[in-house]
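Undergrad: Sequences and hints are given; from them, build the entire structure.
Here the protein sequences line up with chains A and B, keeping their order. Taking the UniProt record's numbering, the leading residue of the first sequence gets 1, the next gets one more, and so forth. Taking the UniProt record's numbering, the leading residue of the second sequence gets 1, the next gets one more, and so forth.
There may be inaccurate statements among the hints.
A partial selection of chain B residues facing chain A, derived with a Cβ cut-off under 8 Å [unchecked claim]:
id, residue
1, 58
2, 95
3, 160
4, 182
5, 249
6, 254
7, 260
Here are the computed lysine-lysine pairs in the DSS-like style, where the Cα-Cα straight-line distance is at most 25 Å [unchecked claim]:
id, chain 1, residue 1, chain 2, residue 2
8, B, 103, A, 215
9, B, 272, A, 213
10, B, 248, A, 215
11, B, 127, B, 103
12, B, 275, A, 215
13, A, 73, B, 248
14, B, 127, A, 73
Here chain B is said to cover these stretches of chain A; the calculated rule only asks that three of the stretch's residues, wherever they fall, bring their Cβ under 8 Å from a Cβ of chain B [as the list claims (entries may be wrong)]:
id, stretch
15, 66-78
16, 98-104
17, 151-164
18, 219-225
19, 254-265
In case anyone wonders, no lab produced these hints; they're calculated from the structure. Beta carbons are placed, not taken as given, at the ideal position from N, Cα and C, and that holds for glycine.
Below are the chains, spelled out letter by letter.
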Amino acid sequence: MSRLNLNSILSWVDSHIIDYPTAMNLNYNWSFGSSAGFCLVIQILSGAFLAMHYAGETHYAFSSVEHIMRDVKSGWLIRYMHANGASFFFIVVYAHIFRGLYYGSYMEPRQQLWWSGALIYVLMMATAFIGYVLPWGQMSFWGATVITSLFSIFPFIGKEVVMWLWGGFTVGNPTLNRFFSLHYLLPFIIAGLVFVHLGLLHKDGSNNPLGIKTKTANVNFYPYMYVKDLVAFFVLLSVLSVVIFYFPNSLGDPDNYLEADPYGTPAHIVPEWYFLPFYAILRVIPNKVGGILTMGGAIAIIFLYPLLNTSILRSANFRPIYAVVFWLFVADFCLLAWSGTTPVDDYFKVIGAVVSIGYFAFFVFGGLFVGWLEKTLAFRALSK
Amino acid sequence: MFSRAAMEAARVARSVPLRARVAAAASAAAGAAAVGGATVLCDDAVHTVEYDWPHSGFLQTFDHAAIRRGWQVYREVCSTCHSIKFVAFRNLIGVSHSEAEVKKIAAEFEVEDGPNDEGEMFERPAKPSDRIPGPYKNEASARAANNGAYPPDLSLVVKGRHLGHHYVMSLLTGYTEAPVGKDLLPGLHYNPYFPGTSISMPPPLMDGQVEYPDGTPATVSQMSKDVTTFLAWCAEPEMDERKRMGMKWCSAMFLGLALSMYYKRFRWSPLKTRKITYHDINR
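TA: In structure tokens form, the structure reads like this:
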């Protein structure tokens, strides 16, 4: 390998990809990161091909998607890949984030790495939301109307802000047009941030299941981590293929196969599944401004989490209380997603409120209190 | 694309178990109507019946003979009110009809074309490459002809409803007498599967309404099954190809997975089988 180092580009490749040292004990949870990058590549490539046939104009958008589905050769394959690929991107990224939460990858010295990742996640949500508008189905239109209207909470200028976003008095052609443009732009910003994320990762190297830095138990990225990532890619591709070819619409809403109709609201306006937890938090507060601020807080607290940490141990493998709290949080997050699909009546509202509180409680309680508690108990045990 | 034999095989009375379930569903609907009080009070719909479609399995294709009969039902019954605007005549070729048949079918329709050399629009017989023209010029004329109700385009209805083909089948076979105490507005009909239970579509099918050239008895349930299969195909014309391609892709991915897992084991086994021992050199 040393000959590689004579050329500056090759030596960069060598030190960051080939001979890059990685802790030997990384488990498959560490493959979600590369899988997420792989998803981004799938989305950008399939998206570029879709854009060759799509028309970003309200009269043609819906039928141009049907044109892709029916007339373009393998168009259905590309579209199903893109639509389900988005869902899988979120599955992988959620797993990646939960991995970080469990093993303490947000802790010193990797706070900036966490923040860059959280930023990618926020941009992903924006991109996915905007992308969902493009087929111009009923859910596209009404989802766009509901979400853009959230910006009306700005005092005094709220209405102007929303109309500025729309480019008109309602969600319409200018909105669709700019959304198409942004949907093509944002993924490249995400890709740029991915490189920032990787740069920050390589500053301190990956965390590992023990949460201890090692200089001796390292292996080269190639071929050791490379083969594990390869296995993960094939797991992803296998499941994705089954969904694309056999259940291509199972993750979508039937209403989006009805063309957008500004005069007919669908019976239930539901976002895509990956937004449901936040949608649930939005709905749980009966006051509009309060709901929006709480939802914003739910995202902001992800950024704050490294600052809330009081633990001196990283990995939940050595943090029995935190491990329990973590798994409770996973369950809470799933319940929150489910709660986003329920009708807003008394009974479900109570559940929604409980799991929303649970969400915030994890970050505050799990960050500030559990770390302190574990430390205290451990020192007390040691001093005996 | 699909061989005669396959179409023949698919045709062989797959409909029997389905028909049995329709009968069961019909009596369930009647039962729901009988205890209509509950249905009316919440004014919601009866749950869609889930049928055992011959095309829903991993290895199953559409019943192409049913698509052919379903096209006939659509053409003779539904097309007086509903369009299927995303489907072109040519799409039928190799699916349910031969090219010669499709040319003949298309020629029965008139489409607007132009402008010609004089700058006028003109009507001409449709060609296989044309989209199938609908019964109305636009939504307003459709509403005008249907007491203000709009018969939706059916090309995506199977994808555009929860439980798609199950729902359409339930709807078409679900018409019954309105339960006592249920007041229907004039022009509305009682169908417990329709959200709200009052639908403006009159019961479209009656026993013996069409005459199938292949001798299949044209009962309401048979016609419903056929036209629903046709509409399912309209919504997902790529399904047969998709499943066949899926077999190849999924096999390739599973193979890739197996190989990469082997490769991973191969690369890691020296590390995994290492033994680290401690020797105290001072001893």
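Undergrad: If you take the shortest Cβ to Cβ gap from residue 182 of chain B to chain A, is it below 8 Å?
TA: Since chain A brings no Cβ nearer than about 21 Å to residue 182 of chain B, farther than 8 Å, the hint is violated.
Undergrad: With a cut-off of 8 Å, does the beta carbon of residue 160 of chain B approach a beta carbon of chain A closely enough for the hint to hold?
TA: With a closest approach of 4 Å, the residue 160 of chain B hint holds.
Undergrad: Quick check on residue 254 of chain B please, does its C-beta sit within 8 Å of some C-beta on chain A?
TA: Since the shortest Cβ distance to chain A is 6 Å, the answer is holds.
Undergrad: Against chain B, does the stretch 98-104 of chain A show at least 3 residues with beta-carbon separation below 8 Å?
TA: As far as the stretch 98-104 of chain A goes, the hint is violated, because 0 residues have Cβ atoms under 8 Å from chain B.
Undergrad: Given that the stretch 254-265 of chain A was listed as covered by chain B, double-check it with a C-beta distance under 8 Å for 3 or more residues.
TA: With 4 residues closer than 8 Å to chain B, the stretch 254-265 of chain A meets the three-residue bar; holds.
Undergrad: Examine the stretch 219-225 of chain A: at least three residues should have C-beta closer than 8 Å to a C-beta of chain B.
TA: holds (count 3)
Undergrad: Going by Cβ atoms only, is residue 260 of chain B closer than 8 Å to chain A?
TA: holds (5 Å)
Undergrad: Below or equal to 25 Å on CA atoms is what counts here, so check residue 275 of chain B against residue 215 of chain A.
TA: holds (19 Å)
Undergrad: Restraint: residue 58 of chain B near chain A, CB-CB cut 8 Å. Satisfied or not?
TA: holds (6 Å)
Undergrad: Just to be careful, I want the Cα atoms of residue 73 of chain A and residue 248 of chain B compared with a cutoff of 25 Å; is the pair within it?
TA: holds (17 Å)
Undergrad: Grab the minimum C-beta distance from residue 249 of chain B to chain A and call the hint holds if it beats 8 Å, violated otherwise.
TA: Interface hint status for residue 249 of chain B: holds (5 Å vs cutoff 8 Å).
Undergrad: Has the stretch 151-164 of chain A got at least three residues whose CB is nearer than 8 Å to a CB belonging to chain B?
TA: It is violated, with 0 qualifying residues against the three required.
Consistency note: the structure conflicts with the earlier hints numbered 2, 4, 8, 10, 16, 17.
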